[in-house]
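Number of protein chains: 2
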Amino acid sequence: MPVGTKATVKTISPKELEEDIQAQIILGNTYHLYLRPGHKLIEKAGGLHNFMNWNKPILTDSGGFQVMSLKGLRKITPEGVKFQSHIDGSYHMFTPKKVIEIQNSLGSDIIMSFDECPPYPATKEYVAQSLQTTLRWAKRGKDAHTNTKKQALFGIVQGGIYEDLREESAKRLIEMNFPGYSIGGLAVGESKDDMLKITGLLNKVLPRRKPRYLMGVGTPKDLLDNIANGVDMFDCVMPTRNARNGTIFTWQGKLIIKAARYKQDFSPIDKNCDCYTCKNFSRAYIRHLFNVDEILALRLATLHSLHFYLELVRKTRSAILENRFDQFRKEHENKLDSTRE
Amino acid sequence: MPVGTKATVKTISPKELEEDIQAQIILGNTYHLYLRPGHKLIEKAGGLHNFMNWNKPILTDSGGFQVMSLKGLRKITPEGVKFQSHIDGSYHMFTPKKVIEIQNSLGSDIIMSFDECPPYPATKEYVAQSLQTTLRWAKRGKDAHTNTKKQALFGIVQGGIYEDLREESAKRLIEMNFPGYSIGGLAVGESKDDMLKITGLLNKVLPRRKPRYLMGVGTPKDLLDNIANGVDMFDCVMPTRNARNGTIFTWQGKLIIKAARYKQDFSPIDKNCDCYTCKNFSRAYIRHLFNVDEILALRLATLHSLHFYLELVRKTRSAILENRFDQFRKEHENKLDSTRE
Numbered sequence: 001m002p003v004g005t006k007a008t009v010k011t012i013s014p015k016e017l018e019e020d021i022q023a024q025i026i027l028g029n030t031y032h033l034y035l036r037p038g039h040k041l042i043e044k045a046g047g048l049h050n051f052m053n054w055n056k057p058i059l060t061d062s063g064g065f066q067v068m069s070l071k072g073l074r075k076i077t078p079e080g081v082k083f084q085s086h087i088d089g090s091y092h093m094f095t096p097k098k099v100i101e102i103q104n105s106l107g108s109d110i111i112m113s114f115d116e117c118p119p120y121p122a123t124k125e126y127v128a129q130s131l132q133t134t135l136r137w138a139k140r141g142k143d144a145h146t147n148t149k150k151q152a153l154f155g156i157v158q159g160g161i162y163e164d165l166r167e168e169s170a171k172r173l174i175e176m177n178f179p180g181y182s183i184g185g186l187a188v189g190e191s192k193d194d195m196l197k198i199t200g201l202l203n204k205v206l207p208r209r210k211p212r213y214l215m216g217v218g219t220p221k222d223l224l225d226n227i228a229n230g231v232d233m234f235d236c237v238m239p240t241r242n243a244r245n246g247t248i249f250t251w252q253g254k255l256i257i258k259a260a261r262y263k264q265d266f267s268p269i270d271k272n273c274d275c276y277t278c279k280n281f282s283r284a285y286i287r288h289l290f291n292v293d294e295i296l297a298l299r300l301a302t303l304h305s306l307h308f309y310l311e312l313v314r315k316t317r318s319a320i321l322e323n324r325f326d327q328f329r330k331e332h333e334n335k336l337d338s339t340r341e
Numbered sequence: 001m002p003v004g005t006k007a008t009v010k011t012i013s014p015k016e017l018e019e020d021i022q023a024q025i026i027l028g029n030t031y032h033l034y035l036r037p038g039h040k041l042i043e044k045a046g047g048l049h050n051f052m053n054w055n056k057p058i059l060t061d062s063g064g065f066q067v068m069s070l071k072g073l074r075k076i077t078p079e080g081v082k083f084q085s086h087i088d089g090s091y092h093m094f095t096p097k098k099v100i101e102i103q104n105s106l107g108s109d110i111i112m113s114f115d116e117c118p119p120y121p122a123t124k125e126y127v128a129q130s131l132q133t134t135l136r137w138a139k140r141g142k143d144a145h146t147n148t149k150k151q152a153l154f155g156i157v158q159g160g161i162y163e164d165l166r167e168e169s170a171k172r173l174i175e176m177n178f179p180g181y182s183i184g185g186l187a188v189g190e191s192k193d194d195m196l197k198i199t200g201l202l203n204k205v206l207p208r209r210k211p212r213y214l215m216g217v218g219t220p221k222d223l224l225d226n227i228a229n230g231v232d233m234f235d236c237v238m239p240t241r242n243a244r245n246g247t248i249f250t251w252q253g254k255l256i257i258k259a260a261r262y263k264q265d266f267s268p269i270d271k272n273c274d275c276y277t278c279k280n281f282s283r284a285y286i287r288h289l290f291n292v293d294e295i296l297a298l299r300l301a302t303l304h305s306l307h308f309y310l311e312l313v314r315k316t317r318s319a320i321l322e323n324r325f326d327q328f329r330k331e332h333e334n335k336l337d338s339t340r341e
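Line order of the protein sequences matches chains A and B. Positions 1 to 341 (the working numbering) are the ones given, in order, by the first sequence. Positions 1 to 341 (the working numbering) are the ones given, in order, by the second sequence.
None of these hints come from the bench; they were simulated from the model. On a predicted model such as this, the values are computed, not experimentally measured, just so you know. Worth double-checking, as some hints may not be accurate.
Just so you know, same-sequence chains aren't split out, so a pair can sit in one copy or run between any two.
[Unchecked claim] Within a straight-line C-alpha distance of at most 20 Å, the following computed SDA-like cross-link-like pairs (lysine to any residue) qualify:
no. : residue 1 : residue 2
1   : Lys-56    : Met-233
2   : Lys-15    : Lys-279
3   : Lys-263   : Asp-88
4   : Lys-149   : Tyr-120
5   : Lys-149   : Phe-266
6   : Lys-10    : Gly-246
7   : Lys-149   : Gly-180
8   : Lys-15    : Asp-274
9   : Lys-71    : Pro-121
10  : Lys-258   : Arg-36
11  : Lys-10    : Arg-244
12  : Lys-44    : Lys-279
13  : Lys-40    : Phe-266
14  : Lys-124   : Asp-326
15  : Lys-98    : Gly-47
16  : Lys-279   : Asp-193
17  : Lys-330   : Thr-5
18  : Lys-258   : Leu-196
19  : Lys-56    : Asp-225
20  : Lys-44    : Phe-266
21  : Lys-192   : Gln-129
22  : Lys-124   : Glu-101
23  : Lys-56    : Lys-82
24  : Lys-15    : Asn-280
Please put together the full structure from these sequences, using the hints given.
Pasting the structure below:
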């Protein structure tokens, strides 16, 4: 899912998202939209789809991760999280019920429970206690959510890097019978091995016929590795944010477009790619645009990187359906996260 | 002509320029492109059209206006202008011949003579002397330009706000027989009355069957007023630059999109406009995008304002051809430069 935190996938129009990138679903963020422009305004606009002119599905994050990140500006209580806006310092309170109400106003198709996302590293004792809070909040959110036909509420598995806690978290959520499950609290600083240990474990625990969403992950190789562990959905700012910094993803690895060696390189970013950027512009031109701080640089780089990410998962899906995923993975995994020379 | 100073019309893709804005010609800038990425690199790319993927006509400015603006960093000599790059302080020299060579490398369809653009205000004595320099340089540039079948070289009329100097300038250039004439040195601080006095005079002096290009002008009303004075071509950063600051042009005047009154205004910028922005997004949404510093704000505002400017001249052209220009002008001129309440 391309990330559209503040009701726009950065630099990209909905038309490009649909026609060039072929996104099927995008992500919005409850915390950011609650603060600006406000969920009530979005409700008046007819919901987030209408507001931003995106007619395909939207998933909204619960804001749990964002308010936990406001260190020094937030206080966790058994009822929820009291926090100060990072914009104007104003005080706000997110509770499991409030977060559902906000997402009901937004009208997103898939919504998230409010969770406490523990920091990394954290002691097992801390994570165990935090987990109980998240489970209580999951129950409260589920009880508060009545618009279940139009909006699917996912529970969020927490438990840090501790397998027994993760298993407990998953099983307790499964008892509550959510239509899908998110895996939160990963990609927060732990090793890749720890991440895969947890998704590998959850692959055995979570129901096979319900979607599993790994939040905030990741690199192209992370996607393949976690798809191998049964993950169905991802979101990550990596393709968009890195593109804006001049790091562009390709099947042959990351291309650092500002590098001097591309100064007179009149070939496209990827000659086999059929995105608008690669069909029409050279590395030399895109490098020039970055060099003179032109916005078209950010657009062209983002368009290609999102196109690549979506193509990566489309091709992975085909490989799975054609029973050749392992071969596909072996063929690509070593190059994907490398940096092109 | 939308302005594409550094080989891109700011925030806009060539596809949008062609399909949504329906631009027939755009402007590039010799000074900026000479410094970055360098005209030799653009020549290696197959010229500016290829480099930036724009297959319709391009006009390039000579850089005269830009190097004159480098106060303290440039020295005018009879041979040309020695200047320091505004980027790295490196020394360079533009002569009438050099500026033609650069534009030959760029391969633009319409190119400009190197001119000395006097400041405003300036004494008549200064302007008279400066004018002689510009005329000598026009001759040298014309002699240096051999690729006349592919690139039309325009002479630039100077002379400040002094009618006799403007007339002398125009007549001397006409003797040199350029395929088109630019009117430089206006919109530099003089009154609107002075500007129209000069274009009104030149309307009687310049040949009727050759194009007249008023450089760096202007507001929507400026366009109508100067079209009435026989001007055929314009360029101005106003639609693009103002859009990026949140001032959006419409038939009913300038709309300040960040104003609080648009916070819950779910109507488009202009309900009668058929641009992508107006067909798909509300004022409330665009205001939100500006408020949270999203690049899509700049794109949507620019797209509309360029669409409006091009529609303004298309409709003006129709009105002229249908012999109802005066009526058309009266109907619109009072609203165009106003600010919408």
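Hints versus structure:
1. Lys-56 x Met-233: Cα proximity of Lys-56 and Met-233: one copy only (16 Å, versus 43 Å across).
2. Lys-15 x Lys-279: For Lys-15 and Lys-279, the Cα distance is within 20 Å both inside one copy (18 Å) and across copies (12 Å).
3. Lys-263 x Asp-88: This pair counts as between: shortest inter-copy Cα distance 18 Å, intra-copy 43 Å.
4. Lys-149 x Tyr-120: neither (36 Å within a copy, 68 Å between copies)
5. Lys-149 x Phe-266: neither (52 Å within a copy, 27 Å between copies)
6. Lys-10 x Gly-246: both (14 Å within a copy, 18 Å between copies)
7. Lys-149 x Gly-180: So Lys-149 and Gly-180 pass the 20 Å test inside one copy only (14 Å; across, 67 Å).
8. Lys-15 x Asp-274: both (17 Å within a copy, 15 Å between copies)
9. Lys-71 x Pro-121: within (15 Å within a copy, 57 Å between copies)
10. Lys-258 x Arg-36: Cα proximity of Lys-258 and Arg-36: across copies only (14 Å, versus 34 Å in one copy).
11. Lys-10 x Arg-244: Both: 9 Å inside a chain and 16 Å across chains, each within 20 Å.
12. Lys-44 x Lys-279: This pair counts as between: shortest inter-copy Cα distance 19 Å, intra-copy 40 Å.
13. Lys-40 x Phe-266: Answer is between: at 13 Å across copies they meet the 20 Å cutoff, but 49 Å inside does not.
14. Lys-124 x Asp-326: For Lys-124 and Asp-326, neither the intra-copy (35 Å) nor the inter-copy (81 Å) Cα distance is at most 20 Å.
15. Lys-98 x Gly-47: Close inside one copy (17 Å), not across copies (58 Å); limit 20 Å.
16. Lys-279 x Asp-193: Close neither inside one copy (38 Å) nor across copies (49 Å); limit 20 Å.
17. Lys-330 x Thr-5: neither (33 Å within a copy, 46 Å between copies)
18. Lys-258 x Leu-196: neither (33 Å within a copy, 46 Å between copies)
19. Lys-56 x Asp-225: neither (27 Å within a copy, 47 Å between copies)
20. Lys-44 x Phe-266: between (48 Å within a copy, 9 Å between copies)
21. Lys-192 x Gln-129: neither (24 Å within a copy, 73 Å between copies)
22. Lys-124 x Glu-101: neither (32 Å within a copy, 71 Å between copies)
23. Lys-56 x Lys-82: The answer is neither: 33 Å in one copy and 57 Å across copies each exceed 20 Å.
24. Lys-15 x Asn-280: both (18 Å within a copy, 10 Å between copies)
Figure legend: structure checked against the earlier numbered hints; hints not met, in rising order: 4, 5, 14, 16, 17, 18, 19, 21, 22, 23.
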